[in-house]
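Protein chains: 2
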Amino acid sequence: MKAVAMPTVSRVAVCGGTHGNELAGIYLVREMLKKRADGTEPVSVVTVMSNSRAAQLCVRYVETDLNRCFTRAALSAPVSETSPYEMIRSQELNALLGPKASAQAVDLLCDLHNTTANTGLCLITYSDHDWICLHICKHLQAQMASTPVRYVHFDIPLNEAYSLDSVGKHGFAMEIGPQPHGVVRSAIFSAMQEGVQLMMDWICQFNSGMLFEGGWVDVYTMVKNIDYPRDSETHVITAAVHPDLQDRDFCLLHPGDPMFLCFSGETLRYRGKEALYPFFINEGAYYEKGVALSLARKRRVQIPSVPAVSRSPAGGTNGCS
Amino acid sequence: MKAVAMPTVSRVAVCGGTHGNELAGIYLVREMLKKRADGTEPVSVVTVMSNSRAAQLCVRYVETDLNRCFTRAALSAPVSETSPYEMIRSQELNALLGPKASAQAVDLLCDLHNTTANTGLCLITYSDHDWICLHICKHLQAQMASTPVRYVHFDIPLNEAYSLDSVGKHGFAMEIGPQPHGVVRSAIFSAMQEGVQLMMDWICQFNSGMLFEGGWVDVYTMVKNIDYPRDSETHVITAAVHPDLQDRDFCLLHPGDPMFLCFSGETLRYRGKEALYPFFINEGAYYEKGVALSLARKRRVQIPSVPAVSRSPAGGTNGCS
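Chains A and B are the protein sequences, given in the same order. Per this note's numbering, the first sequence starts with residue 700, numbered consecutively. Per this note's numbering, the second sequence starts with residue 700, numbered consecutively.
It cannot be assumed that every hint is accurate.
Put simply, identical chains are the same to the list, so a pair is met inside one copy or across any two.
To be verified - In silico lysine-lysine, DSSO-like type, Cα no more than 30 Å apart, as pairs: (1) 837 x 997; (2) 734 x 988; (3) 734 x 997; (4) 733 x 988; (5) 734 x 701; (6) 837 x 734; (7) 923 x 734; (8) 701 x 972; (9) 923 x 701; (10) 734 x 972; (11) 988 x 701; (12) 997 x 733; (13) 837 x 701; (14) 972 x 997.
Honestly, the hints are just simulated from the structure, not real lab data. Values in this document were obtained by computation on a predicted structure and should not be read as measured data.
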């Protein structure tokens, strides 16, 4: 595969607290902000607490899910003082880190998230051919000893891409689980810290002209969501994820495999025709969204080597300490 | 040890949703209420959704923690329409299931809870010599194959006992973890269902005159709480529970053992002089209460055999199907 020259990644945003009860990202951003105040942080990194009101209350959001407010429609909607707080905040963040799909947007936006599902570390993106994101994923896969790292792809056009990471020229959610919402687990915090550090290492080396070889990365493309069984009248759920499926994110689910165990004792099985990879299994925040798990198709994607070229003719610092 | 005759346990309350985001108890109570409507539930069981408003919103509480509103002072405080919802609700529940410390109170109150801590199943009580509660614990320990069962004792006078279970003549919180709040895990639901069923089995057999032998039960008496390290100005936590301590509830903690890992990387150690048993390690709801973990002293308590005597001279049904 031919090498593809890519512009350097000079301006990086690391965001936490987009969901105010996903604590590893919140404490990591607070730690990074302290270091920046100490003058020890690379100058090109913008560190942002995305939804500090929700973080203060330790809730996912105050009025509406901030991480669904970054579609082109939401970002261009008129807002007033009476608009939901997160609708206003998404436009503030777009002004700070974007505007989305513009030359002024940050080169890379990494948004830190946690899930109650046993996902390990996922980079969640809207592209299956973003060589920068794929190379960072490959780097993390090679360097992180104790955490499985996977690349998840939501096949949605950029206009409709709804999450904060879609504001950057490149971007992903760095999602790590399992961790209960409202709780910070030291091992999850450390994995996130390591993931961000490895991302920064890769960017610095890439900017410095190091040539990263191409290769292959497994890409999990989201196919569909599956809801909990619910009472037809009350819509209350009538089953939990089956114990044989619980915690088995990214383990192939075959037609006929147990999927739910009803509270009444009955087992319900996966009735699809195609074996697929489940993820976000029993994520706490998705009960209200009608998602018990998502299913993905896996394929190997070949990525080229990516020699860096300066974005500006003047070249200048690579922004790393 | 001499046998101690005990009155039969004719009126039992099983409560869930005292905390509205502890889902196993909520779905178990809903399941039990369905069965009661079918006429298949033992008549002597009152099943209660304690805080249905909080359960509807999937939050721990709406205005104040319901499970701190059952002290004598709270139950006798004047309330009006403007009082916090849970202050009003605690008095309603006291009228329904108590009054606390009266002859009219239910014989046994089992209040279902979940924790993010890796506690297994705990019966949490205010007495280390309640033979009924201790016998039920011993029965569960003998019968539950896959779940560790422990007896936890809070040494607080009944007037100051703050939780719903203190309203019954006998009572305990049945606390099961680990489970994230706002999530129901099938294995935790099943363990709770089994625990409640085994409790009912014991009560039915006891009421029927079966003689349960005495023996010994380990009792964990709460000694003190330990808070997270916090920033002296902002009070924001500066460390998570150390990975060596996380999930090791009821494993003896020795002086000098790692306790916290600061976000900055420093390890903080347990500085007490006495080896004690940690529990509620990193419980999500206790961040706001300033509790990172609790520490208990363990001792073996001898319990007598407890032949049943009818509460009423007329005898009558034992209330079990």
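Practice prompt. Tell me, please, which holds for residue 972 and residue 997 at an alpha-carbon limit of 30 Å: within, between, both or neither?
Written response: Within one copy, since 16 Å is at most 30 Å while 54 Å is not.
* How would you classify residue 837 and residue 997 at a CA-CA limit of 30 Å: within, between, both, or neither? -> within (16 Å within a copy, 50 Å between copies)
At most 30 Å between alpha carbons: which applies to residue 923 and residue 701, within, between, both or neither? So residue 923 and residue 701 fail the 30 Å test inside a copy (34 Å) and across (64 Å) alike.
If the cutoff is 30 Å on CA atoms, where do residue 734 and residue 701 land: within, between, both or neither? Let me know, please. Neither, since 40 Å and 66 Å both go past 30 Å.
For the identical chains here, do residue 734 and residue 972 meet the 30 Å Cα criterion within one copy, between copies, both, or neither?
neither (51 Å within a copy, 35 Å between copies)
Query raised in the report: Taking 30 Å as the upper bound on the Cα-Cα distance, should residue 923 and residue 734 be classified as within, between, both, or neither?
Result: Intra 41 Å, inter 34 Å, cutoff 30 Å: neither.
* Asked: Can you tell me if residue 733 and residue 988 fall within 30 Å by alpha carbon in one copy, between copies, both or neither?
  -> This pair counts as between: shortest inter-copy Cα distance 25 Å, intra-copy 35 Å.
| When no copy is named, should residue 837 and residue 734 be tagged within, between, both, or neither for a Cα gap of at most 30 Å? | This pair counts as within: shortest intra-copy Cα distance 28 Å, inter-copy 53 Å.
Next on the checklist: Checking an output row: residue 734 and residue 988, CA cutoff 30 Å. Within, between, both or neither?
Outcome noted: between (37 Å within a copy, 28 Å between copies)
Quiz prompt | Homo-oligomer pair classification [residue 701, residue 988; C-alpha up to 30 Å] | solution = neither (42 Å within a copy, 58 Å between copies)
Checking residue 837 and residue 701: alpha-carbon separation at most 30 Å within a copy, between copies, both or neither? Cα proximity of residue 837 and residue 701: one copy only (18 Å, versus 70 Å across).
- Should residue 734 paired with residue 997 be assigned to within, between, both, or neither, using CA atoms and 30 Å as the limit? neither (39 Å within a copy, 43 Å between copies)
In this structure, the earlier hints numbered 3, 5, 7, 8, 9, 10, 11 and 12 are contradicted, and the remaining ones agree with it.
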